[in-house]
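Residue numbers (the working numbering), protein chains in the order written: chain A, 1 to 358; chain B, 1001 to 1477.
By construction, these hints were calculated from the structure, which means they are not laboratory data.
Careful: at least some of the hints might be erroneous.
Selected chain B positions facing chain A (in silico; Cβ < 8 Å) [said to hold, decoys possible]:
| # | residue |
| --- | --- |
| 1 | E1081 |
| 2 | H1082 |
| 3 | I1140 |
| 4 | G1174 |
| 5 | K1176 |
| 6 | I1231 |
| 7 | E1376 |
| 8 | R1377 |
| 9 | E1380 |
| 10 | N1381 |
| 11 | E1435 |
Bear in mind that the values here come from a model prediction, so they are computed numbers and not experimental data.
All C-beta atoms, glycine included, are put in the ideal place defined by N, C-alpha and C.
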Amino acid sequence: MKKLLLFPYHPDMGLLAQKAAKLKGYSIIGVHSFQEDILAVKAVNEQLGCNGSFAEMLHKCDAVLLLDDYRESETDKYYEVIQSAIDIGKQIIVTSLAAEKLDLGAYKGFCTILRNEPKSDLAKIIKKPAQGRVKYIIESPIIAVFGMGKSCCKFENQILIKSMLDQEGYRSAWISSNTLGALFGGYTTPDFLYDKHVAFEEKVIRFNQFVYQISVAEKPDVIVIGVPEGISEFSAHEYNHFAEYPLVVGSAVSVDSAVLCTYFLSKLDVDGMKRTLFHYRERFGFPVHMVSIGRTTFERMREFQQVAYLFLEEEYLQKHYETAVNQPDVFVGVWETKKTEDAIQKVFDRLKGNPDAI
Amino acid sequence: MADTNPIIFRTYKTYGGYYVYDRHTNSVITLSREEFQELQAVEKGELPTEKSGVIARYQEQGMFVPNVVKEIYHPQTDIMEHNAKRRLQQLILQVTQQCNLRCEYCAFSGIYKENRVHSANWMSFETAKRAIDFYLEHSIDTPSAFIGFYGGEPLLEFDLIKKCVNYAKKTIEGKKIYFNLTTNGTLLEDERVKFLAENNISIAISLDGSKKEHDICRRFPDGTGSFDIIIKNLQNMSQNYPEYTKNSVRFFTTVNPYMDLGCVMEYFRVNDIIDERAIRYNTMVFKDLKKELNFQKSYFQIQKFEYIKAFFSLVGKLDKKHVNPLVHTFIENAKILKQALHKRIELDPVIHPGGPCMPGIIRLFVRYDGALFPCERVNENQSFYQIGSIEDGFRLDKMRDILNIGKITETECKTCWNLQRCSMCSNEIEFHGKEKPGREEKIKLCAEKKRATEVELYEQSVLKEFGYIVETEEMRK
Chain A
1 MKKLLLFPYH PDMGLLAQKA AKLKGYSIIG VHSFQEDILA VKAVNEQLGC NGSFAEMLHK
61 CDAVLLLDDY RESETDKYYE VIQSAIDIGK QIIVTSLAAE KLDLGAYKGF CTILRNEPKS
121 DLAKIIKKPA QGRVKYIIES PIIAVFGMGK SCCKFENQIL IKSMLDQEGY RSAWISSNTL
181 GALFGGYTTP DFLYDKHVAF EEKVIRFNQF VYQISVAEKP DVIVIGVPEG ISEFSAHEYN
241 HFAEYPLVVG SAVSVDSAVL CTYFLSKLDV DGMKRTLFHY RERFGFPVHM VSIGRTTFER
301 MREFQQVAYL FLEEEYLQKH YETAVNQPDV FVGVWETKKT EDAIQKVFDR LKGNPDAI
Chain B
1001 MADTNPIIFR TYKTYGGYYV YDRHTNSVIT LSREEFQELQ AVEKGELPTE KSGVIARYQE
1061 QGMFVPNVVK EIYHPQTDIM EHNAKRRLQQ LILQVTQQCN LRCEYCAFSG IYKENRVHSA
1121 NWMSFETAKR AIDFYLEHSI DTPSAFIGFY GGEPLLEFDL IKKCVNYAKK TIEGKKIYFN
1181 LTTNGTLLED ERVKFLAENN ISIAISLDGS KKEHDICRRF PDGTGSFDII IKNLQNMSQN
1241 YPEYTKNSVR FFTTVNPYMD LGCVMEYFRV NDIIDERAIR YNTMVFKDLK KELNFQKSYF
1301 QIQKFEYIKA FFSLVGKLDK KHVNPLVHTF IENAKILKQA LHKRIELDPV IHPGGPCMPG
1361 IIRLFVRYDG ALFPCERVNE NQSFYQIGSI EDGFRLDKMR DILNIGKITE TECKTCWNLQ
1421 RCSMCSNEIE FHGKEKPGRE EKIKLCAEKK RATEVELYEQ SVLKEFGYIV ETEEMRK
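Excised from the complex, chain B in its bound form (with noise of 0.2 Å):
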């Protein structure tokens, strides 16, 4: 009969020593060779646990509790309705659907399987003004309003854009208010620029290196690239609006299978307009493709030497500025990574894996026609992401399932060695035209979250024998 109250650890060994992650208290220790051989019997089930001495020691540190789980259930599940209520945080409006350009590796291009394309659909002022009103009863205790314009491109609505910046200034007294706009910087002209500019609004321009690079994928309708004319709009905006440009300008650049990843690097590495560090590399989503779409080979080392990089930075053995940001991620997660162990947070026997983060409320994304969704990332077409509308409110129903998306493998994630470190959003499920997230799909993704913790404990690790440390007024926070 198998134990219904294990005891859940997992065993692993570097070049460099021997180790054990214990599940209840998210910890890592150092072993010794014998001390490891022994555990990896008790995991093996060679050895009864009750019969093996290491657990026994490190039990009486606190170690190897026998499984507290019992139910999975996300603790801010009850929190939600309270925060919906009166702590929204960030509102995405969804100006229009439209784009001027027509991007190889859009979510909206119509290679992604069940989502949305490109339509001339937009959103009324009527609407946005609602869709103000609604975020702004609904963050009574939010002490910033956080306002965002997405797209298709939102500056193909520049009116509607003025209008709720204008209407939003006039509504809101006391709240600081943080307009955002993320574009792909062909219709950035004079007037655009100036109305930005006066606003502070933040604007994240779609960027993906050199002409050649960014070309491939980046274009017109017409099929002619959009390189040209953003770096022109670039040149103006830099020289009309020298701080605002080095203050609230950021780039994206999407990595994908079609470009070349080094050259993309030494264009941003070498060219005058644009400063390294607002450079923030994110990775083409593979989920959902209608054809399989695969990196070229020359991505795979430049991804591992600046690892490696990376690695030596953390180490101390070159200095950050070396590091391309490709990697940034990297160093954060190392650090996040080493404060979460350091911190032995013990297991509750109510508790949820990571990832969700609560839908809605840390950002609302408004479609054109007013329906609530989670963020802007989640496909529009699935109903499971419509957590309401600005005309009838929120479902607190649908926002409970989205939180608590571990509830569909409730039964495997209670012995999972990996609860504690898993991070999943249900986003990254794959639906397969089902209406919610499968518990099959899930199962698929959660070897995929295995292996990656796997792979930053071993660093993690790795980068201890190499003499990593975090400052400690870090690990306080």
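The following block holds chain A by itself, in its conformation from the complex (with noise of 0.2 Å):
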């Protein structure tokens, strides 16, 4: 069990404190941030029963584990937690998006990206890979949560469903679309379906290929797959690369049934809802089973020309949302915990009436 310190604040650091039982071979044991996150940082680690100072954590930690800058924040003191690691002997473990930021040439043999991918040997697996342009039928069952956006609670809904599928006896697979999936045994979305160099049509090949591999070698009941970023474009400057990774993914496997994350909305407009996701089925093939209506919203920042993301309190939601009349029941804030369980194990329902499903 590899004991981690995460560095600096990040939103999601507070589904990490809250899911920390579910993580696979990692422990939390504290946060640490920006002297002027103290409140949130104090907060998190009051979650985590931890009350040491950053000097005690380092001490206590196996690794530093740097996340994603979501502030864009100056640098400096990321090297100074990494150094401080460092001289004492601590791993640092760095998200992509975070190495990305990071200038880590110095640090070379001290940094590790956080990555987990599948064991199998592709090569073995697929016979002829000079001639691999071919798309395999995937035999598991195949479940995607995907979402309008970034930061629209895929993560959160990806956590739940695996760990419901772990309780539930199933043998399960899961390609996250957030690195940090990593700490929780799933597997991280290969680099290539974010490589802008590599064609729509050889990622969709690929792609299939990365699914067929886990298929195979691990014979999973069920493959739940985490669909990056969002299925339309925003605006001028966030435009989720116009969609291409849910037709990459929609392309490159039969989606059994899916899950759409939605941002907050306090009221839904449950017809028009059910209009878009006809669409969702004939464009990306996704049939959705579950709407998961999320605890984040965004504002246009105009003066800034980008997109901002809101990540909203427990409080606010519970005050703000409105069930509509005529929301089916697999419609659900993602908050609401029994709710959103009960709406997965539909999904799983109508995946074992399958014969060729669960």
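Hey, can you piece these two chains together into the complex? The hints should help.
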């Protein structure tokens, strides 16, 4: 069990603390951040039952995990933390986005990118790699978790689905849309999906083979795929790669059931939503059987020409959320744990009803 | 009986064409003469809506939708609560209410009804520290920290500013910090400038043009003009810190009835100390004045001339460098309007006229004693604007009232043709001694806003007739 100290503050920390019991091979001993985050950090550390200073936490941990920077922060303190950890022989693990931001050249050999890849050998599974431009049929049923855009609680839903599958005794494999999925035993999304030099067609074939490899090697009862980013363009500055990732996934594999994650909606337009679900089935091949309303929303910031994501607190969600009269019970708020579990169970039941499925 | 679901539009014509503004889609279309006449007949009630073939034809294209507005309610009202907890943008500290000048048109000179005047009140470091802490506690998700110093004349409390800058730099590790300061420029002596430059504190200096024009209003209590000392300070500053002066110093010129605008503009054009591009013109506020003030005739002539030049620039007949900064806002607004009309954003049943920004969140103004206000421009004496204190936190109920100023005239707003184009901040409405802005006063201002929109739409149409286009990538923003 690797003990992690997290740096710096990120809104996902609350989720990590809340789901700490589900981590696989890791535990979180505390979080550290910039001076101005003191209150937020205190709240997460309290949740984790940690009240030590940075030095104490650093001594206690096996590795420091550097998280994505969601606020374009200055990097000085990142390097201070890295150096302090190296000085006392601690490992540094970095998310790929954090690694992109930092210059880690001077710390070669000390830093590892957070990643979890299948151990099986693709070449052995796919016999003719030279002629490998073939799409394979995936025998295992697939649940896709996709969303309207970034930070709409896809990750939270994936953790929940994966842990419910584990709880019910199913053998499952999970390709996480969020690198942090690696902490929960999920595979990280392969890098080629994000590579702008790889053609769409190539991405489809390779993603199909990636899933096929997992399917053949592990023979899971079900595969959960978290689809990164979102299904449409938000603005000229946040265009979600014009929905390339869901299109790749939808073209690469046949999805049996999908969970759509939306941003927070105080009241759902159920009929409007149902119409869009039909569209998602047609466009991406995602049959949506559950709609999860997220705990985040967004704001277009014209002056900065970007979209800001707002991480809403429980109190706000409870206060402003109103269930629509004709709202089906598979349309749930992600913070409504019991209802969400029931909705996920219905997704499982649907797959169970399929003789080829679970 | 009045139509409860009317189709709301506004026809108008220029010398070159006939137009209609459709409120529901916030768009303008060009009409034939016959179409225009028919829509005018509908507007006047001479032709029932359902009998208009023009309306029926355009309805097929999604326009002329019967009124959908059910409620006037600002769409950001609910999220304001969250933003007040986690996303404050800019902190402005009133470090003192005192000033070493006694400018004629100053908001605190006593010429405005009900507004405060200069006083010896100043902020303690304890209060400033608590204000910075309050700001940081309420801006966890904001990527950068913006801290401004305001007065009176903030440099009278230079030691406090120094302490605040040092405290903020010590307390803020991850965010980029941007400091700014608004000053009359008379106290920019070497030691102060050194500190400002070393800490890259952006400054905005009030300067009203040439010595003659500037000194008419901007004087010391003994009547001496402040121009010479400001220019001397500026000369020293640009000599010792040329890069800082070039990049971080801006000038505010308050256009007022006492000055000759032509002389002011000529001064900025020919002088070699101040870059004309660093000048921002703003106009003296005429609301709540104790006595009537009027601009000279030449002011309007100059405005018109510069306006025509801006117009020529927009249609590609004159390089923008020949257009005075005085009318740059006109150019920017024309672009924004063009983009807005292009988007055809349909009205929601729950909507609010434009104008109010999220009070206290975009700018949080902290008075010397720790009282919170939506920005530095509001009257601190009006309790309507006090949205809390650093001790007790935000008063969300008051913030909601300021944001939802349209509620005062909800009935009128629901059917007003200008709903999508209107832009009104509560600070523009006269209070007339009341505790909050009244309906009557707001309606008076509504008429002005409608007139302003009519002018904007007219200008936009004429610009189009003369070939005005906005680049494609700008249209996407």
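- Query: Can you list which hints this structure breaks, lowest number first?
  - Reply: 6, 7, 8, 9, 10 and 11
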